[in-house]
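Peer 1: Okay, here's what each chain looks like letter by letter:
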Amino acid sequence: MYLIKNGTVHIGDGTVQEHCDVLTDGKTIKAVGTGLATEGATLIDAEGCHVFPGFIDPVSSIGAMGIPGRYYDNNEHSDPVTPEMNLKYSIDPDEVNRQEFYKSGITAIGLAPTNSNLMGGQIAVCKTAAQKMKERLVKEGAGLKCSVTSAVKQTYGSNSQLPMTKMGIFFLLQETLRKARSTAADQRSEKQQVICSVFDDCKMPVFAAASSKNEIDGLLHMMKGEKVQLNLVDSFCFADSLKEIMEQKVGIVLGNVNNMSQIAKNGMDLTKLQDLLANGNKIAFTNTCGGWSEGREVFIWSAIEAYRAGVAAEDVVKMMSLYPAQMLGADERLGTLEAGKDADISIFSAHPVTSYAAKVVHSMINGEVLF
Amino acid sequence: MDRILIKGGLLHTMQDEGEPVFTGDILVENGKIVEVAASIEAPGAKIINASGLHVLPGLIDAHSHIGLFDFNHDKSVDDANEMTDPVSAAMDARYGMNPKARELKVAYEHGITSMLFTPGSGDVFCGQPFVAKTYGDNIFDMTVKAPAAVKIALGGNPKNTFGDLKRLPMTRMGVAHVLWDTFRRAKKYLDNKNNGVEQDYDAHLEAILPALRGEIPCKIHCTQYDMLTAIEVAKAFGVKFSLEHAWGASDYLEEIVESGCDICYGPIATYRSPGERRKVDVEAVKMLDDRGVNVAIITDSPILSEESLYHHMGEAVREGLEPERVLRMVTINPARQLGLEQRLGNLAPGRDADIILVKGRLGLDTDAKVQLTMIDGSIVYQI
Numbered sequence: 001m002y003l004i005k006n007g008t009v010h011i012g013d014g015t016v017q018e019h020c021d022v023l024t025d026g027k028t029i030k031a032v033g034t035g036l037a038t039e040g041a042t043l044i045d046a047e048g049c050h051v052f053p054g055f056i057d058p059v060s061s062i063g064a065m066g067i068p069g070r071y072y073d074n075n076e077h078s079d080p081v082t083p084e085m086n087l088k089y090s091i092d093p094d095e096v097n098r099q100e101f102y103k104s105g106i107t108a109i110g111l112a113p114t115n116s117n118l119m120g121g122q123i124a125v126c127k128t129a130a131q132k133m134k135e136r137l138v139k140e141g142a143g144l145k146c147s148v149t150s151a152v153k154q155t156y157g158s159n160s161q162l163p164m165t166k167m168g169i170f171f172l173l174q175e176t177l178r179k180a181r182s183t184a185a186d187q188r189s190e191k192q193q194v195i196c197s198v199f200d201d202c203k204m205p206v207f208a209a210a211s212s213k214n215e216i217d218g219l220l221h222m223m224k225g226e227k228v229q230l231n232l233v234d235s236f237c238f239a240d241s242l243k244e245i246m247e248q249k250v251g252i253v254l255g256n257v258n259n260m261s262q263i264a265k266n267g268m269d270l271t272k273l274q275d276l277l278a279n280g281n282k283i284a285f286t287n288t289c290g291g292w293s294e295g296r297e298v299f300i301w302s303a304i305e306a307y308r309a310g311v312a313a314e315d316v317v318k319m320m321s322l323y324p325a326q327m328l329g330a331d332e333r334l335g336t337l338e339a340g341k342d343a344d345i346s347i348f349s350a351h352p353v354t355s356y357a358a359k360v361v362h363s364m365i366n367g368e369v370l371f
Numbered sequence: 001m002d003r004i005l006i007k008g009g010l011l012h013t014m015q016d017e018g019e020p021v022f023t024g025d026i027l028v029e030n031g032k033i034v035e036v037a038a039s040i041e042a043p044g045a046k047i048i049n050a051s052g053l054h055v056l057p058g059l060i061d062a063h064s065h066i067g068l069f070d071f072n073h074d075k076s077v078d079d080a081n082e083m084t085d086p087v088s089a090a091m092d093a094r095y096g097m098n099p100k101a102r103e104l105k106v107a108y109e110h111g112i113t114s115m116l117f118t119p120g121s122g123d124v125f126c127g128q129p130f131v132a133k134t135y136g137d138n139i140f141d142m143t144v145k146a147p148a149a150v151k152i153a154l155g156g157n158p159k160n161t162f163g164d165l166k167r168l169p170m171t172r173m174g175v176a177h178v179l180w181d182t183f184r185r186a187k188k189y190l191d192n193k194n195n196g197v198e199q200d201y202d203a204h205l206e207a208i209l210p211a212l213r214g215e216i217p218c219k220i221h222c223t224q225y226d227m228l229t230a231i232e233v234a235k236a237f238g239v240k241f242s243l244e245h246a247w248g249a250s251d252y253l254e255e256i257v258e259s260g261c262d263i264c265y266g267p268i269a270t271y272r273s274p275g276e277r278r279k280v281d282v283e284a285v286k287m288l289d290d291r292g293v294n295v296a297i298i299t300d301s302p303i304l305s306e307e308s309l310y311h312h313m314g315e316a317v318r319e320g321l322e323p324e325r326v327l328r329m330v331t332i333n334p335a336r337q338l339g340l341e342q343r344l345g346n347l348a349p350g351r352d353a354d355i356i357l358v359k360g361r362l363g364l365d366t367d368a369k370v371q372l373t374m375i376d377g378s379i380v381y382q383i
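Protein chains in written order, with this note's numbering: chain A, 1 to 371; chain B, 1 to 383.
Chain B extracted, bound-state conformation (with noise of 0.2 Å):
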């Protein structure tokens, strides 16, 4: 493959905290990153000029379930929801996913360049979600990582999934005690499984064990005082975890700082009403950022559309977030979340080659568009 070398960007790497943005060359080499410094000579090299552009890692949105709710046709498609049973952990979210979705263009375009693509949230237990590059043919050939976290959904969508059914749970109590007895059920099957105790084989148990073992993270969608239920139930089982959407996180700052959960916040412009919808509050990514707390930022998509990451970004630098900090939520931060710093969500040598450069600041001017889009060190997009 070509050696590509960027040229005199202005680079946000997304190493360490508070390093300042610096002018500075990228070398690319067989889709990953080399080396990242002021000034690189690559005699050869394919020349990238960036100079006036910010050079940023490729974005993350941390929470998508394009191609699986499939707006794409007539009428709309739901493969995101197993909605036959709460506890349908084993649920492939791959098998679902349709790679030719047209909301890829428009994420690549933007410079989001992997998503974590998610089941849910009809059920307590949704699926399986995984990781992906937004450019490809093939969804398996697109994976990062999967399964990449145990999807778990509180509050309304589970129980209204099964209460129309009159089925447990139908209640937020049903839910949670959902929750506790397939966590047990799982933990007494991992314990079994370590002390070679004969037991018959439960797939939806097998899914959660990467969990309990700390392998991958759950991805708890909830919303205000379900936090406390998701934090009760996550701690005693010593699982690592995000909450997901958390509407209401405000009111629940020192329960979520001192669990050490990561926070995914979004989709935001939502009308507001009693129950689930009653508090969206993006400020609540600063004060919880400021807390030391991993916070990514999320769009839901397609239920939101994936160009609103800017506009979601935007809003909380409007809530006063500095728009550096918020470049994080969209790149290092969700990378850290799900185990993928190494190659994704940073600019340094041997990580993933998945850059993008972007005329303007992103999360301020309203204007800021990608120039041109690299994944895997192949440009996908350029203007």
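So that you can see chain A by itself, here it is in the shape it has in the complex (with noise of 0.2 Å):
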């Protein structure tokens, strides 16, 4: 058992109490107020600190980029259409745990698959700290890492496989949903049933890679109708779509806009961002650009542009905790700091969204201290 005593505690729903406590009980947090006194507990000052959820983020490939050899294990690309492969068995733990993600406060990743495919496979939601991996995994099956970026075309195109066009990709992906569909229940092959119980059925929601402005706007118009949660990935265009983005709801996990230039290149406006949330559209950062992550700084770097672009500091939490957590369906354990919930929390010298000189100055995940 842990009391952490006395912090400014963000509950990651963007809401703050200050002089407020945390208790943790094994691998959950027990209770979240003021003035709490346990016997028996491990007392951790946290006066003058800023407690928050651990952050995650929803759509990473580390852990499986195979650095520096990069042999990538998210990267089936023997077939465009790959939505049973199951990211849990691509997991290295080493690679995860030399990146050092508390660091940045990031508790959990959804490993996910690049964007070479149309249909990549399916998410895995991991704890960053170095234990078990069972202790590690926190859900399979999170959501479907779809993608309609120029990589497919790249990846298939080259060898004169259908897709080699963006018109190709958006026939498959047209193509892949009907067939699975119009095929008998028990004829379906293992792709189809995954598909239908992901398209029809809701089993999982849908995490598109889409970039630019007509790859958006042809995902939106294709899936419109279409009763699946989707969630763009990437999205660095999207301000350029903002209708049909609070229109159809759809999530954004906005791609690490530091890689490349994307905010010069695009034009990228953040300050749309308030819009999307004020309408009540889910947005999230990843370390991700391009189906590929980068280190853990970026995260936070990320949200500090949402932050300089004139989202609240609080709202700019819920980017980091909540939303994904909501996004990949692991809310009941991940995202807030609630009793009952898994004990992933950091303690920061200062906010990191406002302030550089925030460090990591405690990180627990299920209620282990890392340090």
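Simulated from the structure, these hints should not be mistaken for laboratory data.
What you are looking at is a predicted structure, and each value in this text was computed from that prediction instead of being measured.
A hint or two may mislead.
Below, a list of computed lysine-lysine pairs in the DSS-like style, where the Cα atoms sit at most 25 Å apart [unchecked claim]:
{"id": "1", "chain 1": "B", "residue 1": "K369", "chain 2": "B", "residue 2": "K32"}
{"id": "2", "chain 1": "A", "residue 1": "K213", "chain 2": "B", "residue 2": "K100"}
{"id": "3", "chain 1": "B", "residue 1": "K75", "chain 2": "A", "residue 2": "K166"}
{"id": "4", "chain 1": "B", "residue 1": "K105", "chain 2": "A", "residue 2": "K272"}
{"id": "5", "chain 1": "A", "residue 1": "K224", "chain 2": "A", "residue 2": "K203"}
{"id": "6", "chain 1": "B", "residue 1": "K279", "chain 2": "A", "residue 2": "K359"}
{"id": "7", "chain 1": "A", "residue 1": "K103", "chain 2": "A", "residue 2": "K166"}
{"id": "8", "chain 1": "B", "residue 1": "K369", "chain 2": "A", "residue 2": "K359"}
Dock chain to chain to rebuild the complex, using the hints, since each chain is given by itself in its own frame.
Peer 2: Quick look at the structure:
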């Protein structure tokens, strides 16, 4: 048991409680409130510090990049449609450990396929602490990762294989859905079973990489009327398709804007994030751009860019914790500091969204203090 | 040109070490700073009210590839690497640079008024970097100094370039060999020249001579133990040099200090993996600064974005560096490394009027924002 005492506690849902305590018991949070006292709990003094729920990157490549050789265990590019692939089997815990994610307050990642396949496979949510795999794995089948970016046509078009154009990508998407649905339930292949469970039964949300305006518009046009929850990944040109994104209430996992100068390249208008939040769209951040990930720092950098563009600091915190947890359907365990949830907690010396001086002074995952 | 008086700002002049920030005025005339003082009277001058704002010299990113790696099209363009020979020292980066690259606008809107644009790092001798302002239409008019350095690269980039072609160098020892051999030939070429010995003209060796004469530095891309190679060879030929990127520098503090070299640290935030990316130790900039090494912070833009210069500064502050020290790493320190402190990176009479007005504390407040950017006395950006 740990009692984190007297911190400024950011619940993760946009609210903040001053001089607040967090009590953990085993792997979970037991209570959040003022003046908690429990005998036998180890005291962690958080006076003057900011306490946050663990941040979540919902679509990471880290754990499967196989660096430095880059063998990409999340890139099964033998077929553009591989929805049956389960990313759980590709997690290299050493690679995750090496990133020292806790130093940036990131306690969980959704390991996702690259952008090479139209349907790449199923996201597995995993903690970042060096613990046993069964403790780390939060959820498999947390989302179906898709892509309509140029990466798909570059992967297959170069072998004179469908798709070699954007027309081909969307043709393949339409045909794959049609064929799966028109096949009798007992005749469906494993791929088709997964596709129908996602698009008809909404067993998991879709995370689809779409970067340019025509990719985003094409995807939203084709998905209009589909009932599965859609989240755009990368979505660097989101501000150019604001109306459609608001109408269809799709989520946004904003790619790593600092990679390859995305803000300059796409003339990104991040002030529009505020309009989306006001409209009820969920927004999250990822270290990934184009299907591959950079180091832990860029997560907070993207959050800072949102803050610089006028998003309120506590809304940014939501985008780092609650929203990604909800997008992955893992909010029963992750995303906020509330009784019953996993004790994934970071104690910062200041608010990391507003001050560069903010440093993680204690990090806890599954109720275990890492340092 | 107009006379402009910037009134009542908090001046970070970047002059002497430890000089306090003070409230004062700056008078600009004909694109140059003519006076910096607590209070200046200048009848007829256009007044810019800087009250409540921080006033700094325009920021310098001492290692950029903007316009050379051109991401402004559907497919990215690489005009930074003439990878047809590991010794391509004569390649002049100005001819590969797109001055209309969109990243430049983001740069001056963030107060970055000068950059060193460098070729590389696919060759051992990559070519000739130049220093230019970030605003303008014609790169030759924007240029402050060319060539500004001899760009050299060690490690994975050149060895992979030529290893893939089954050519020397395909190993680190191969890279070291090319380095030694080329410098030896350049030295002999210089000696012959000095002694009037007739010889064939060699454009690539010619391009290395200014470094051997001590006129410009070598900028050596290296990480980890490649630093020892760089230091050994650079010392052997007596060239002034900086280690670029310098991941893992905290393991080689003594060697760096003893060599007297400069450091251009960055970019950071790469994923960590065995090999060159093993140790991305931004805390090294404080360790080096404490030991008197001239450290600049760089972004490698557009690989990492130009606006990420703030994040880079912030990460150094997060690791314990004083915010006032980090400001020097993007102003006076790179200016001195490049021998341009008489023009750039500090606020004093005679300097180029590259001045920024900032609301908030850069490197500390994440929402610190440039309100006005002046380059050569012209306001190029204003909120």
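Peer 1: Does each hint hold? Answer for all of them.
Peer 2: Now the hints, each set against the structure:
With a C-alpha separation of about 24 Å, the suggested pairing of K369 (chain B) with K32 (chain B) holds against the 25 Å cut-off. Restraint check: the Cα-Cα separation between K213 (chain A) and K100 (chain B) comes to about 22 Å, which is no more than 25 Å; the hinted pair holds. As the CA atoms of K75 (chain B) and K166 (chain A) are separated by approximately 15 Å, the hinted pair is consistent with the 25 Å bound. Distance hint between K105 (chain B) and K272 (chain A) is fulfilled; the C-alpha atoms sit about 20 Å from each other, no more than 25 Å.
Annotation: proposed proximity of K224 (chain A) to K203 (chain A) holds, straight-line Cα distance about 18 Å (limit 25 Å). A distance of roughly 19 Å separates the Cα atoms of K279 (chain B) and K359 (chain A); the hinted pair therefore holds under the 25 Å criterion. Between K103 (chain A) and K166 (chain A) the alpha-carbon distance is near 40 Å, which puts this suggested pair outside the 25 Å criterion. Our distance criterion of 25 Å between C-alpha atoms is met by K369 (chain B) and K359 (chain A), whose separation comes to about 22 Å.
Of the numbered hints stated above, the single one contradicted by the structure is hint 7.
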